[in-house]
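Student: Numbering follows this note's numbering, with no gaps: position 82 of the sequence shown is 82.
No lab work stands behind these hints, which were simulated from the structure alone.
Keep in mind the model is a prediction, meaning the values are calculated, not measured.
Take the hints with a grain of salt, since some may be wrong.
What the hints assert, rightly or not - Label-pair ranges, simulated between beta-carbon atoms:
hint: 1; residue 1: Thr230; residue 2: Lys85; range: 29 to 37 Å
hint: 2; residue 1: Asp207; residue 2: Val41; range: 38 to 46 Å
hint: 3; residue 1: Lys151; residue 2: Glu260; range: 16 to 24 Å
What the hints assert, rightly or not - Computed list of lysine to aspartate or glutamate pairs in EDC-like fashion (alpha-carbon distance at most 20 Å, straight line):
hint: 4; residue 1: Lys232; residue 2: Glu260
hint: 5; residue 1: Lys196; residue 2: Asp132
hint: 6; residue 1: Lys283; residue 2: Glu233
hint: 7; residue 1: Lys50; residue 2: Asp39
hint: 8; residue 1: Lys151; residue 2: Glu233
All C-beta atoms, glycine included, are put in the ideal place defined by N, C-alpha and C.
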Amino acid sequence: MDIFAFIVVLALVSSNNACLNGNGNADSFNVMDYGAVSDGVTDDSQAFLKAWNAACSTATGTPKVLIPGNKTFLLIPVIFSGPCKAKQIDFLISGTILAPASPSAWNGGDASQWLAFHGIRGLNVSGLGTIDGQGKGDDCVSIGDYTSNVKVANVVCGPGHGISIGSLGRGGNFVQVENIHVGKGYVRNVTFEDLKFDSVKNPIIIDQNYCDVRGACKELPTGVHLSNVTYKEFSGTSSTGVAINLNCSRSVACTGILMEFIKLTSAKAGKQVTSSCSNAHGKETEVVPGPCLQN
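Using the sequences provided together with the hints, build the complete structure.
Tutor: So this is what it looks like as structure tokens:
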């Protein structure tokens, strides 16, 4: 299994007085104030957890975990858990968060995930910093079952699978994702906008016949209905020959797909990329490679 560089797992959950921290600000929690060394060699995981727990315990304002710029923080697998007391919590990344070069150095941590946020409502992860998994990666951001009100913006991501909504309705189970809406029968009103890719596998993909065994996936008799999915203003390079791959269910076709202002080229010099659509209906404007949607 490819190593996840970064996973966000959000679940629906319900909603101490904070003391002044080293910044003199009651709702800002700088990891440096909680013991981070920031030399890129020392494990700063506990400092991050202490800053997170302090922010998560703050009920007033908008608590902010601060990862300052011009510094590098080495982290082994960490789970930032909720529920948190405030309606919103910010995780502001200005510096670099670095994974060990190999999972063998993760001190027995879960090799399937590195940074995980779980059971949190109102999470905002932002900043101009870098999350460096030191690997080829899998999903940059993975949105799973029972997730709602997620906005991912201005992310430069790669190499790997990019930003995914995946593994929904496995085995016919009921799932729900909202705004981003998903039920046993539907995923709707999803927008991916203004993304840049650097040697990413499958920059644009819908696969309703996905399975964990590569090369052995069979067409499924049922599927989640996808509708009103927008891909807009994408650019960059694909490490796979098929840059746009919409493999929708024959029994429940994808409808209302909109693709606009997309230009994807091959990460391999002299190679071309293609698009492939099956049972996918919608409109496309200025899409390279294309066209492939059915009207």
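Student: Are the hints correct? Go through all of them and say.
Tutor: Hints, verified against the model:
Judged by the Cβ atoms, the range 29 to 37 Å given for Thr230 and Lys85 holds: they are separated by roughly 35 Å. Taking the beta carbon of each, Asp207 and Val41 are about 40 Å apart, inside 38 to 46 Å as hinted. Distance hint for Lys151 and Glu260: a CB-CB separation of about 19 Å, consistent with the stated range 16 to 24 Å. This hinted pair checks out: Lys232 and Glu260 have alpha carbons roughly 5 Å apart, not beyond 20 Å.
Restraint check: the Cα-Cα separation between Lys196 and Asp132 comes to about 17 Å, which is no more than 20 Å; the hinted pair holds. Restraint check for Lys283 and Glu233: the C-alpha separation of about 14 Å stays at or below 20 Å, so the hint holds. Pair hint Lys50 plus Asp39 holds up; C-alpha atoms about 18 Å apart against a cutoff of 20 Å. Annotation: proposed proximity of Lys151 to Glu233 holds, straight-line Cα distance about 16 Å (limit 20 Å).
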